[in-house]
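S.K.: Spelled out from the first residue to the last, the chains are:
2 protein chains.
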Amino acid sequence: MEKSRMTKSIPAPAVRRLTLYLQHLEELLARGAGRISSRELAESLQLTGAQVRRDLAYFGQFGRRGVGYEAASLAGNLREILGADKTQSIILVGAGDLGRALARYRGFPQRGFKLVAAFDVSPKKIGKKIGSLTIQHIREMPAIVKRDNIRLALLTTPATVAQEVADQLDLAGVRGILSFAPGVLQTSKPLAVGQVDLASNLQQLAFSIASEE
Amino acid sequence: MEKSRMTKSIPAPAVRRLTLYLQHLEELLARGAGRISSRELAESLQLTGAQVRRDLAYFGQFGRRGVGYEAASLAGNLREILGADKTQSIILVGAGDLGRALARYRGFPQRGFKLVAAFDVSPKKIGKKIGSLTIQHIREMPAIVKRDNIRLALLTTPATVAQEVADQLDLAGVRGILSFAPGVLQTSKPLAVGQVDLASNLQQLAFSIASEE
Chain A
814 MEKSRMTKSI PAPAVRRLTL YLQHLEELLA RGAGRISSRE LAESLQLTGA
864 QVRRDLAYFG QFGRRGVGYE AASLAGNLRE ILGADKTQSI ILVGAGDLGR
914 ALARYRGFPQ RGFKLVAAFD VSPKKIGKKI GSLTIQHIRE MPAIVKRDNI
964 RLALLTTPAT VAQEVADQLD LAGVRGILSF APGVLQTSKP LAVGQVDLAS
1014 NLQQLAFSIA SEE
Chain B
814 MEKSRMTKSI PAPAVRRLTL YLQHLEELLA RGAGRISSRE LAESLQLTGA
864 QVRRDLAYFG QFGRRGVGYE AASLAGNLRE ILGADKTQSI ILVGAGDLGR
914 ALARYRGFPQ RGFKLVAAFD VSPKKIGKKI GSLTIQHIRE MPAIVKRDNI
964 RLALLTTPAT VAQEVADQLD LAGVRGILSF APGVLQTSKP LAVGQVDLAS
1014 NLQQLAFSIA SEE
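Chains as they are written, first to last, in this note's numbering: chain A, 814 to 1026; chain B, 814 to 1026.
Calculated from the structure, these hints are not laboratory results.
Treat the numbers as computed from the prediction; the structure is a model and nothing was measured.
Incorrect hints may have been included.
A pair counts as met if it fits within one copy or between any two copies, since identical chains are not told apart.
Claimed, not checked - Computed cross-link-like contacts, SDA-like style, restricted to lysine to any residue with a CA-CA straight-line distance of at most 20 Å:
hint, residue 1, residue 2
1, 938, 917
2, 942, 909
3, 1002, 824
4, 899, 962
5, 1002, 858
6, 899, 885
7, 942, 910
8, 941, 910
9, 1002, 861
10, 899, 1021
11, 938, 910
12, 927, 1012
13, 941, 929
14, 899, 919
15, 899, 1022
16, 959, 1022
17, 899, 1012
18, 1002, 983
19, 899, 1024
20, 899, 1014
21, 1002, 1024
22, 937, 949
23, 927, 1021
24, 927, 893
25, 899, 964
One chain only, chain A, in its complex shape (with noise of 0.2 Å):
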């Protein structure tokens, strides 16, 4: 399966208007739904149904007109795509209230991600429990990414440590890091960064509404 050259040349806006398709997708198939029509899956996320159809074209899915798409077939493609049709392990490092909120998030397991180690470094928190694990200390971090080839991490230390423990998360092997550390994290060409930056996103909700006064 030429998966890497098919995929490469989807756009990061597609690939995450997929992720949303999916998700309605999971909704409307728990809740019996058969077939679904390019508008209906635009209309539920304010999109416009050839923006669905150029999203899906990309992995070869074409809809029929007035038949629409197979959702289970459609879901189950875009499973796989994304890669969600299997489990992949992530870690955790910064076991602050963030580090707690994630590690109990019910979205990551439901999307196929499982938790299998947290880490940060104070002597407070290690050996403490986060969810069903137990805190460990961060220089365990590099031997378990490698023996159970760990590929992602959530990073939620402190800001002031974050580029140091991208450091480490790079230099273990992990590929992709989701930060919630405000600022950014310059990492070398091979390990994908993602940010939440909760901060920014209030901020610019705030502006959105003052532009409107």
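Chain B: place on chain A using the hints.
M.R.: Chain B alone, transformed into the frame defined by chain A:
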């Protein structure tokens, strides 16, 4: 001050970058920076100098060639344009793990957001503390929103009730919701909704590393 006319036309990605410039400038100021060039600002955020100059030109800030921007005054202008120069009150609905983490998240007060009330429906949670606040029943929410003229809310309920809560917030007069619940909220026009879909972010990251292989 014709702020509405002036800011309305700034595209959302530029607003997002403005929040990043401000964040970075605050860090530099804390370290005693005086002047900064658009190139320095750009490099630290992995953008181009031209992009930075274009973004700052939206509100009439022009650095001088070879001189750059005066960091303190640029930060001041960004704070004003983003509304970060004054404290904005926010409320939180959904006092689960994520709500708890957000209530303690230091990034919000650092950017001028003050959490003034937290709500839930669970009898187990009402009356308990979340940070320094006492969790109240959601039925108290409309009176508090009105009394304190609250315009922004964080929504951290389960996805199943998110739409219902969003409708209640809308009705109460809240103007912007930052939702952490998966799924798209259908809201009336004047209400602005930002969404932080943690699982979707992780899935996009996983996709991006898979497609490199």
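S.K.: Which earlier hints can't be squared with this structure?
M.R.: none
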